[in-house]
Amino acid sequence: MSTSSNRAAAVASDSEPQLTWEDQERINLFGRLNNRADELDELIKINKKRLDGFSDAEESILLADSDEAPVRYRLGEVFVEMPADKATEMLTAATEKVTAEVNKQQEEVASIRAKMVELKRALYAKLGDTINLESGDDE
Amino acid sequence: MSAEAEKPRTAIPKAVFITDIEAFLASNASGGLEGAMERFQTQHQQYKTLEASLAQRKRTLITKVPEMQSALDAIAHLKEKQHDSEPIRTQFELCDNLYATADIKPTSKVGLWLGANVMLEYDIDEAQTLLQGNLQKAQRNSDQLGEDLGFVKEQLTTMEVNIARLHNWGVAQKKKDKQNAAAPASSAAPAAKK
Numbered sequence: 000m001s002t003s004s005n006r007a008a009a010v011a012s013d014s015e016p017q018l019t020w021e022d023q024e025r026i027n028l029f030g031r032l033n034n035r036a037d038e039l040d041e042l043i044k045i046n047k048k049r050l051d052g053f054s055d056a057e058e059s060i061l062l063a064d065s066d067e068a069p070v071r072y073r074l075g076e077v078f079v080e081m082p083a084d085k086a087t088e089m090l091t092a093a094t095e096k097v098t099a100e101v102n103k104q105q106e107e108v109a110s111i112r113a114k115m116v117e118l119k120r121a122l123y124a125k126l127g128d129t130i131n132l133e134s135g136d137d138e
Numbered sequence: 000m001s002a003e004a005e006k007p008r009t010a011i012p013k014a015v016f017i018t019d020i021e022a023f024l025a026s027n028a029s030g031g032l033e034g035a036m037e038r039f040q041t042q043h044q045q046y047k048t049l050e051a052s053l054a055q056r057k058r059t060l061i062t063k064v065p066e067m068q069s070a071l072d073a074i075a076h077l078k079e080k081q082h083d084s085e086p087i088r089t090q091f092e093l094c095d096n097l098y099a100t101a102d103i104k105p106t107s108k109v110g111l112w113l114g115a116n117v118m119l120e121y122d123i124d125e126a127q128t129l130l131q132g133n134l135q136k137a138q139r140n141s142d143q144l145g146e147d148l149g150f151v152k153e154q155l156t157t158m159e160v161n162i163a164r165l166h167n168w169g170v171a172q173k174k175k176d177k178q179n180a181a182a183p184a185s186s187a188a189p190a191a192k193k
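From first to last, the protein sequence lines stand for chains A and B.
First residue of the first sequence: 0, per numbering that gives the first Met the number 0; consecutive thereafter.
First residue of the second sequence: 0, per numbering that gives the first Met the number 0; consecutive thereafter.
It is worth saying that the hints were derived from the structure and are not from the lab.
All the pointers check out, no bait thrown in.
Each computed EDC-like pair below joins lysine to aspartate or glutamate, with the alpha-carbon atoms no more than 20 Å apart: (1) B:K80 / A:E88; (2) A:K119 / B:E159; (3) A:K85 / B:D72; (4) A:K85 / B:D83; (5) A:K125 / B:D19; (6) B:K63 / A:E76; (7) B:K57 / A:D40; (8) B:K57 / A:E41; (9) B:K175 / B:E33; (10) A:K96 / B:D72; (11) B:K13 / A:E24; (12) B:K13 / A:E21.
Since this is a predicted model, take the numbers as computed values, not measurements.
Next up, chain B with everything else stripped away, as it sits in the complex:
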């Protein structure tokens, strides 16, 4: 009754919004204020965990983007030089802080590291298309993850607001009970101040 238009998306459940606290607690099967509070805390925690794992995935993806970009830059340079007669003089890092000079003959082939100890030779153009495709894919995935993260963040906020509202309601309720108990004794007293 309290949840508004549920829109399912990428398997992440939507947080409930409480329209009317009293009606919500009355209709709530799992043990009144305390029960609802506990349930919200748990769900909040679950959203937090989800947020952390999505953020981690996005970070990993984002670190890969500059790597692909620099591979593309290198390929662009090789491509530019592929019909030159002069070799390209380079310095390669052999290990930390140790560089050796290497001449690269103009070439139309490059080896791409595919992972799992496999390297495959490609034509420069092919390699470029492949890497560009990967780069776009990474970008798209990262956008999608960003969307999901935004969605989770919204659910987290809803949860936080729910918890705060329930808490405040509980406090107000206690005060009211107390006042009701004291009311018959001193009805004329203005605003009880301790």
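Only chain A is shown next, with the shape it has when bound in the complex:
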């Protein structure tokens, strides 16, 4: 909210552009997309952490380099013994699955951000500095 504008009071009643329902809808959509983008960013962060875990595990299996000794793979709350190459196979499958998920999430974020830029442009063009839209990507 403006603290003190020393603009002539005479124009005050007309200085603010008339807000239409269409503008309101744009603002609403912007807010909604912003929320969704934040949510997706969070999910992507979690998935990337999982991927790091998978690749660390794969590396460790390689380093251990013992073909006979089984490795213990964690399934839920239980460790299951299995040959190293089976574990690697499972890790690869898991990596693929999560990578696909991340890609999908990143695509969605990109398209959301593009839409937000568009909405921002339209709203600033109409309402000028009477509105302040934060994109939420500056942390």
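Use these hints to put chain B onto chain A, whose structure you have.
Frame of chain A; chain B shown alone:
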């Protein structure tokens, strides 16, 4: 008069949009600017509460998804081994940081924890279908909650904009009144600056 096309959905009321502030205040039965302001603040608060409770439900649901996923992973592994002759060697957590080795004979049955201290034995395939169904259901519910949350967020934004507009209108109105009062005295003065 100010509300545009009301579309009812999942019991969440839609926020009113003000097309014309003056017309809105004139038609408003509950005490002019102050009354409208107060009403909007209350409604804003109600939407906030609703948002928090929906978000909480969604969070709870989402924490369950990885649990189901890991149960499915375990079942997939059992299924793969069900016709082997070798037992599956595992380490079970007995309590925090204490593990014991257990051999699991290849099996075609698993026990699923149904809650309320009940566990039921299922064929592996049955268990898999059941869990997959639950997983999909959880996913769908979470999508639905996400939709509702988005809707509530939109209503919140509308409310915030309403409040800001009313506030600005009130400020402008006061200024105008002041100027009108001062106008006859000094009509030539350009843009009163204090």
